Amino acid sequence: MFKRKIIFFLFLFFPLTIKAEVLYPLASLDAYPLSKGKWELRLGVKYLHDRWFPFERKDTDRRELQLPQIDLNIGIVHNVEIHLSYFYLYQDSKNTGSEWGSGDLNVGIKINLLREDIYIPAFSLDISTKLPNADYEKRLGTDETDFFAKILLTKKWSECKIFFNIGIGILGNPKMYNAQDDIMVYGFGINYKMRPSLKVLGEISGWAFSHKHNNYTVLTLGGQYLLNSSWRIDAGLHFGLTEESEDWGISTGISYLWQW
Numbered sequence: 001m002f003k004r005k006i007i008f009f010l011f012l013f014f015p016l017t018i019k020a021e022v023l024y025p026l027a028s029l030d031a032y033p034l035s036k037g038k039w040e041l042r043l044g045v046k047y048l049h050d051r052w053f054p055f056e057r058k059d060t061d062r063r064e065l066q067l068p069q070i071d072l073n074i075g076i077v078h079n080v081e082i083h084l085s086y087f088y089l090y091q092d093s094k095n096t097g098s099e100w101g102s103g104d105l106n107v108g109i110k111i112n113l114l115r116e117d118i119y120i121p122a123f124s125l126d127i128s129t130k131l132p133n134a135d136y137e138k139r140l141g142t143d144e145t146d147f148f149a150k151i152l153l154t155k156k157w158s159e160c161k162i163f164f165n166i167g168i169g170i171l172g173n174p175k176m177y178n179a180q181d182d183i184m185v186y187g188f189g190i191n192y193k194m195r196p197s198l199k200v201l202g203e204i205s206g207w208a209f210s211h212k213h214n215n216y217t218v219l220t221l222g223g224q225y226l227l228n229s230s231w232r233i234d235a236g237l238h239f240g241l242t243e244e245s246e247d248w249g250i251s252t253g254i255s256y257l258w259q260w
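Count the sequence shown with the working numbering and you get residues 1 to 260, in order.
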């Protein structure tokens with residue numbers, strides 16, 4: 001009996017193989033990390049029309065172009081992945097005019113704690129932080145440190161994967177010293193394989209329960225096309241569903257996956 005319990009524990013918390021799925025162009029994360037020694041680099045571009053800026057009401061007619069977007073995912077061990085994202089930014093708004101400059105650098109770690117079974121989804125914990133490297137006066141970023149902790153769930157049925165993210169965010173307030181805004185972050189959607197080389201994806205994601213005008217909800221519809229085992233392209237359309245969200249947006253990117 002004791003031996004069976006040990007085997008069951010190892011089966012749940014130390015999976016032998018996990019197939020990673022990256023959900024670009026979506027904002028949500030899949031519960032599956034990259035396998036040990038796998039690296040993935042993505043270069044992309046994203047345009048957002050009439051996007052809100054954190055801690056400000058949506059009345060600035062802000063247009064934002066992220067070019068390039070750079071995403072790097074690294075499989076460290078069998079159940080741990082490190083991910084980094086950065087973008088260079090052009091923004092144009094009524095308050096600041098037109099500006100080019102560095103956007104934000106985000107660094108995170110994804111830890112798979114429970115493998116998927118017939119009746120249970122894959123379960124992971126993701127912890128990330130946004131570093132204060134963007135110019136607030138030019139409205140390229142808040143120049144504050146933000147912290148996020150999320151639970152990631154993924155369940156597969158045939159060619160379809162359902163995913164759900166939920167967690168908390170702590171946002172540094174650039175308008176008030178030593179102040180913050182505590183929010184809920186969420187995302188849920190679907191990843192469907194139409195053909196071996198083609199996937200369609202959709203999600204609803206956003207922030208909620210903010211007290212500082214930081215609530216938003218966005219619907220994203222997109223697709224991925226696998227050129228071969230190493231190269232993949234993605235594209236998406238983004239539609240704001242609430243007042244604080246962008247009106248609409250479009251994004252695309254190309255990814256390269258390799259074994260180190």
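The set of hints was computed from the structure by calculation and includes no laboratory data. A couple of the hints might just be wrong.
Restraint ranges, calculated between C-beta atoms of paired labels, are given here [as the list claims (entries may be wrong)]:
#1 SER197 with HIS78: 44 to 52 Å
#2 ILE82 with ASP143: 18 to 26 Å
#3 ILE82 with ASP59: 36 to 44 Å
#4 ILE151 with HIS78: 33 to 41 Å
#5 PRO132 with PHE209: 40 to 48 Å
#6 SER102 with ALA235: 33 to 41 Å
#7 ILE70 with ASN178: 30 to 38 Å
Quick caveat: nothing in here was measured; it's all calculated off a predicted structure. Beta carbons: idealized from backbone N, C-alpha and C, even for Gly.
Cross-check of the supplied hints:
A beta carbon spacing of about 27 Å between SER197 and HIS78 contradicts the range 44 to 52 Å that was offered as a hint. The given range of 18 to 26 Å is respected by ILE82 and ASP143, whose C-beta atoms sit roughly 24 Å from each other. For the pair ILE82 and ASP59, the beta carbons lie near 38 Å from each other, so the given range of 36 to 44 Å is met. Hint check: ILE151 to HIS78, Cβ distance near 20 Å, so the stated range 33 to 41 Å is violated.
A hinted range of 40 to 48 Å for the beta carbons of PRO132 and PHE209 is inconsistent with their spacing of about 23 Å. At roughly 25 Å, the beta-carbon separation of SER102 and ALA235 lies outside the given 33 to 41 Å, and the hint is violated. Separation of ILE70 from ASN178 is about 31 Å and conforms to the stated range, judged on CB atoms against 30 to 38 Å.
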